[in-house]
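Asker: Top line first, the protein sequences correspond to chains G and W. Residue 1 is where the first sequence starts when you use this note's numbering, and the numbers rise one by one after that. Residue 77 is where the second sequence starts when you use this note's numbering, and the numbers rise one by one after that.
Worth flagging that the hints you see were computed from the coordinates, not collected in a lab. These numbers come from a predicted model, not from an experiment. Among the hints, a few may not be true.
[Said to hold, decoys possible] Okay, derived cross-link-like pairs now, DSSO-like style, lysine-lysine, Cα gap no bigger than 30 angstroms in a straight line:
#, chain 1, residue 1, chain 2, residue 2
1, G, LYS48, W, LYS271
2, G, LYS19, G, LYS76
3, W, LYS366, G, LYS36
4, W, LYS326, G, LYS19
5, G, LYS36, W, LYS363
6, W, LYS175, G, LYS74
7, G, LYS36, W, LYS175
8, W, LYS175, G, LYS66
9, G, LYS76, W, LYS214
10, G, LYS74, W, LYS214
11, W, LYS271, G, LYS58
12, W, LYS335, G, LYS19
13, G, LYS19, W, LYS214
14, W, LYS280, G, LYS58
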Amino acid sequence: MAEKKGPRGKELEKEGWIKQTTIGEPRLSEIIELYKSLGYEVRLEPVKLDELDEECRKCYEDEGDKVKTVYVRKKK
Amino acid sequence: MKKEYWRWPEYRRTVPGKDWTMAEVVTAGVDVGAVSSKAAIMIDSELYAYSIMRTGASSPDSASKAMNWALEGTGMKLEDVQYVVGTGYGRVNVPFANKAITEITCHALGANYIWGPTVRTILDMGGQDCKAIRCNEKGRVTAFLMNDKCAAGTGRGIEVIADLLSVPIEEVGPMSLRVEKEPEPVSSTCVVFAKSEALGLLRKGWPKEMVLAAYCSAMANRIAELLRRVGMERDFVITGGISKNIGIVKRLEDITGIKALAMKKEFDPIIAGAIGAGLLAKDLYRKERKDA
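Looking at chain G on its own, in the form it has when it is part of the complex (with noise of 0.2 angstroms):
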């Protein structure tokens, strides 16, 4: 997916996490659990419509918030 780095990414990257991936169910949620397996804190952001290419955009509209960013960072 092609994606322009936002203002809140930029933020959380700043925080310590990093972004993985884009996705939903029913992958959501095998990833979450393996990040949290492999000790790492995970957090989901809505995906930002205007962050996206054009040509990926109208996938993720039909998709609404069904869809979340990953991000994890190692906990301390």
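Since the structure of chain G is provided, determine the placement of chain W on it from the hints.
Answerer: Quick look at chain W alone, frame taken from chain G:
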């Protein structure tokens, strides 16, 4: 009837020279993917029989069909299998599974079984997703990355291009390498946009080989980025259907500078997840018996 160029061979196999009736523990892994369903029957942690078929409209039906096909001709019945683990996109819809486990875990374990303990990076290129996985010498996952939600750069994309160009899917990879000079990659691996871009190139007079080269190259670039982000290291292996597309594998190796270990004749890399699930099934079976 229109020829289905995307169609890949479905088959089953029993490993010769093995007697399941002598086994202490019989387990199975059933991997219901978005595009293909696989069942692997393991006897005492050794692969005994497997099947690979297209996933239908219903995940539970696809799981049952794959399992029944793997059992076919073995004299074994489902009741003889002591523990079943479901994995893949439809893992929670395997009606006869004792447990469901994520496919990332199963693929790492399956790759460790197929290629051995030196494997550190696995690329699973599936029908509708792509995963880069790092593991330790025991096949346990240490890090992973999954592509974004869309089917861009996955097996489904290749199926669409094969159909569009009327090229049998097994020919896509070899044909894409029959170019004198590598063309610029297509600008998008998005299934919808790549299709119109490919049509545009054909109208411009590009031969099919060039169009396929441009598409395979774009896919390889996209996958290489996923591998770079996960921190690729040797030994590197590829599982999933696109592992059989030499056009993508060769370009990926050129970009990353790391060659994938060769496929093993006796193991189809598509069944790595099902094998891993079958291996985990034995551990879980033993644990549950011990706890009981």
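Asker: Now look at each hint and say whether the structure bears it out.
Answerer: Against the structure, the hints:
| no. | hint | verdict |
| --- | --- | --- |
| 1 | G:LYS48 with W:LYS271 | holds (26 angstroms) |
| 2 | G:LYS19 with G:LYS76 | holds (18 angstroms) |
| 3 | W:LYS366 with G:LYS36 | holds (27 angstroms) |
| 4 | W:LYS326 with G:LYS19 | holds (29 angstroms) |
| 5 | G:LYS36 with W:LYS363 | holds (23 angstroms) |
| 6 | W:LYS175 with G:LYS74 | holds (28 angstroms) |
| 7 | G:LYS36 with W:LYS175 | holds (19 angstroms) |
| 8 | W:LYS175 with G:LYS66 | holds (26 angstroms) |
| 9 | G:LYS76 with W:LYS214 | holds (26 angstroms) |
| 10 | G:LYS74 with W:LYS214 | holds (22 angstroms) |
| 11 | W:LYS271 with G:LYS58 | holds (16 angstroms) |
| 12 | W:LYS335 with G:LYS19 | holds (28 angstroms) |
| 13 | G:LYS19 with W:LYS214 | holds (27 angstroms) |
| 14 | W:LYS280 with G:LYS58 | holds (28 angstroms) |
In summary, this structure violates none of the numbered hints.
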